[in-house]
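K.L.:
Plus 1 on top of the position in the sequence shown (first one is 1) and you've got my numbering.
These are computed hints drawn from the structure, not numbers from a lab. Keep in mind that the hints are not guaranteed to be accurate.
Said to hold, decoys possible - Now the in silico label distances, taken between C-beta atoms and shown as ranges:
hint, residue 1, residue 2, range
1, Gly56, Gln256, 43 to 49 Å
2, Ala220, Gln256, 17 to 23 Å
3, Asp112, Ala48, 33 to 39 Å
4, Lys140, Gln256, 43 to 49 Å
5, Asp112, Ser189, 31 to 37 Å
6, Tyr308, Glu281, 18 to 24 Å
7, Gln256, Asn72, 49 to 55 Å
8, Thr259, Asp53, 39 to 45 Å
9, Asn248, Lys106, 37 to 43 Å
10, His219, Lys292, 20 to 26 Å
11, Gln256, Ala48, 26 to 32 Å
To be verified - Under the rule of at most 25 Å between Cα atoms (straight-line distance), these lysine-lysine pairs were calculated in the BS3-like manner:
hint, residue 1, residue 2
12, Lys140, Lys107
13, Lys107, Lys161
14, Lys137, Lys106
15, Lys107, Lys78
16, Lys252, Lys237
17, Lys114, Lys137
18, Lys161, Lys193
19, Lys78, Lys51
20, Lys119, Lys51
21, Lys106, Lys161
22, Lys78, Lys119
23, Lys107, Lys158
24, Lys158, Lys104
25, Lys158, Lys115
26, Lys78, Lys158
27, Lys161, Lys104
28, Lys292, Lys239
29, Lys114, Lys140
30, Lys137, Lys158
31, Lys109, Lys158
32, Lys193, Lys158
33, Lys51, Lys161
34, Lys106, Lys158
35, Lys140, Lys161
36, Lys109, Lys140
37, Lys104, Lys51
Glycine included, each C-beta is placed from N, C-alpha and C at the ideal position.
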Amino acid sequence: MCDETPQHDFQRLPSQFRRMPSNSTLAAQHQQAMAMFDPNVRTSREAPPKPDPSGVEYPRAASWAAGSCANVLNDEKGRQLFRCFLFQSLAEENLSFIEAVDKLKKMKSSDEKKEFAKHILDTYASSINLSSNAMKRMKDTIESDSPDLEEFAPAVKEVKRLLENDQFPRFRRSDIYLEFLEELLPRSYAEKWATSFEALLGNHVGRHHFRLFLREIHAEENLRFWEAVVEFRSSKNKSSAMVNLGNVILKTYLQEGTLNEVFLPFGVRQLIERRINDREVDITLFDEAIKHVEQVLRNDPYVLAVYLASATVATGCAVVGCTIGQRTMERTRVLSRQPPTEQNEASAMRTRRGSVQKRIEKSHRRGAASVKSRKSAKASKMSVKSRKTGKSSSLKVKTKNRSKEDEASGKVQK
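Taking the hints into account, I'd like the entire structure generated from these sequences.
P.N.:
Next comes the structure, spelled out in structure tokens:
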């Protein structure tokens, strides 16, 4: 039989048990936490407005993906675009919590601070993912008479780490960010992709469309490995984070039999494994592997993508590597402002096929001409050699005849 705690002993319990919330409070918190999974609630939320691209140049927007999450948060329009992405991912409360704490730090009145700190706890305690220690420190300082804002630092640090490691990598690959970049993309950038493999890989939008094309031909793992190595090189040299990331790349792309296996020469793969096992990890770990992968991508997929997209690139369409077919035609219509008629689609398809056929015929003519020139050069060499041989033989005959004549004239004189 269990003994119940006497009423007069309740005050002896620790504070965290004396301040247990009521059943109604727990139910409200549970309802608030589960609301994010309700499709009716999600659709009724008001979406934040997208930033206006006017006044933003392409290099500025492209730098958001090249840096860290702090670069995006420090840019007004980058932060707003990131907020739109978090809204779609049901994670905007993380950014709202950071902004609320920043607002709290700027307040001067102690009563206002205490009231707003309680508002932060009531609003975000059930929606953000924090460790027990960070949550306890935040609750304790809010319940005290004079809240110490430094007690919010562990919670803010954990939320920022979550954004940096989880949400920000997804933001860089998200459709909302790529669409924003495409609105700012200069036409000259897209035109370079048809002639420069390096320009294609070095551009965020071009690399995205190239990935779509590689997915069609089942070679996407090569580009994903390339991108993973770029991220590996951006980490601190010879740090534990670099070692861990090197292990992840090895297990994800280089181990035999993995789903995303990248095929490398045996010696290159063996050298990478040995250096990781010996913890000789630095920025040069994957240099030889990257050279091999870039050569593979340049020789076959890139050439094929340029052939298939040559007609649309000529109209200013950024589709090198774009999914062939309807997706290509839709993107062409957007940039060229053509009406979506069947006649235009058929005409563009005939133009593309004709361009590819002309390139193939041109390469064949070049090959035939080179073979013909080699044959003619060989024939001319043989004729020159034969002429030289004929001249030398005639000289020998003349010399021999002259020697015979000299001998005969000598005998006559005797």
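K.L.:
If a hint holds in the structure, say so; if it does not, say that too.
P.N.:
Here's how the hints hold up against the structure:
{"no.": "1", "hint": "Gly56 <-> Gln256: 43 to 49 Å", "result": "47 Å, holds"}
{"no.": "2", "hint": "Ala220 <-> Gln256: 17 to 23 Å", "result": "18 Å, holds"}
{"no.": "3", "hint": "Asp112 <-> Ala48: 33 to 39 Å", "result": "35 Å, holds"}
{"no.": "4", "hint": "Lys140 <-> Gln256: 43 to 49 Å", "result": "45 Å, holds"}
{"no.": "5", "hint": "Asp112 <-> Ser189: 31 to 37 Å", "result": "58 Å, violated"}
{"no.": "6", "hint": "Tyr308 <-> Glu281: 18 to 24 Å", "result": "42 Å, violated"}
{"no.": "7", "hint": "Gln256 <-> Asn72: 49 to 55 Å", "result": "33 Å, violated"}
{"no.": "8", "hint": "Thr259 <-> Asp53: 39 to 45 Å", "result": "44 Å, holds"}
{"no.": "9", "hint": "Asn248 <-> Lys106: 37 to 43 Å", "result": "39 Å, holds"}
{"no.": "10", "hint": "His219 <-> Lys292: 20 to 26 Å", "result": "22 Å, holds"}
{"no.": "11", "hint": "Gln256 <-> Ala48: 26 to 32 Å", "result": "42 Å, violated"}
{"no.": "12", "hint": "Lys140 <-> Lys107", "result": "20 Å, holds"}
{"no.": "13", "hint": "Lys107 <-> Lys161", "result": "19 Å, holds"}
{"no.": "14", "hint": "Lys137 <-> Lys106", "result": "19 Å, holds"}
{"no.": "15", "hint": "Lys107 <-> Lys78", "result": "22 Å, holds"}
{"no.": "16", "hint": "Lys252 <-> Lys237", "result": "21 Å, holds"}
{"no.": "17", "hint": "Lys114 <-> Lys137", "result": "18 Å, holds"}
{"no.": "18", "hint": "Lys161 <-> Lys193", "result": "37 Å, violated"}
{"no.": "19", "hint": "Lys78 <-> Lys51", "result": "9 Å, holds"}
{"no.": "20", "hint": "Lys119 <-> Lys51", "result": "30 Å, violated"}
{"no.": "21", "hint": "Lys106 <-> Lys161", "result": "17 Å, holds"}
{"no.": "22", "hint": "Lys78 <-> Lys119", "result": "30 Å, violated"}
{"no.": "23", "hint": "Lys107 <-> Lys158", "result": "18 Å, holds"}
{"no.": "24", "hint": "Lys158 <-> Lys104", "result": "16 Å, holds"}
{"no.": "25", "hint": "Lys158 <-> Lys115", "result": "21 Å, holds"}
{"no.": "26", "hint": "Lys78 <-> Lys158", "result": "23 Å, holds"}
{"no.": "27", "hint": "Lys161 <-> Lys104", "result": "16 Å, holds"}
{"no.": "28", "hint": "Lys292 <-> Lys239", "result": "21 Å, holds"}
{"no.": "29", "hint": "Lys114 <-> Lys140", "result": "14 Å, holds"}
{"no.": "30", "hint": "Lys137 <-> Lys158", "result": "15 Å, holds"}
{"no.": "31", "hint": "Lys109 <-> Lys158", "result": "23 Å, holds"}
{"no.": "32", "hint": "Lys193 <-> Lys158", "result": "42 Å, violated"}
{"no.": "33", "hint": "Lys51 <-> Lys161", "result": "22 Å, holds"}
{"no.": "34", "hint": "Lys106 <-> Lys158", "result": "15 Å, holds"}
{"no.": "35", "hint": "Lys140 <-> Lys161", "result": "19 Å, holds"}
{"no.": "36", "hint": "Lys109 <-> Lys140", "result": "20 Å, holds"}
{"no.": "37", "hint": "Lys104 <-> Lys51", "result": "23 Å, holds"}
The structure fails to meet hints 5, 6, 7, 11, 18, 20, 22, 32 from the earlier list, while all remaining hints are met.
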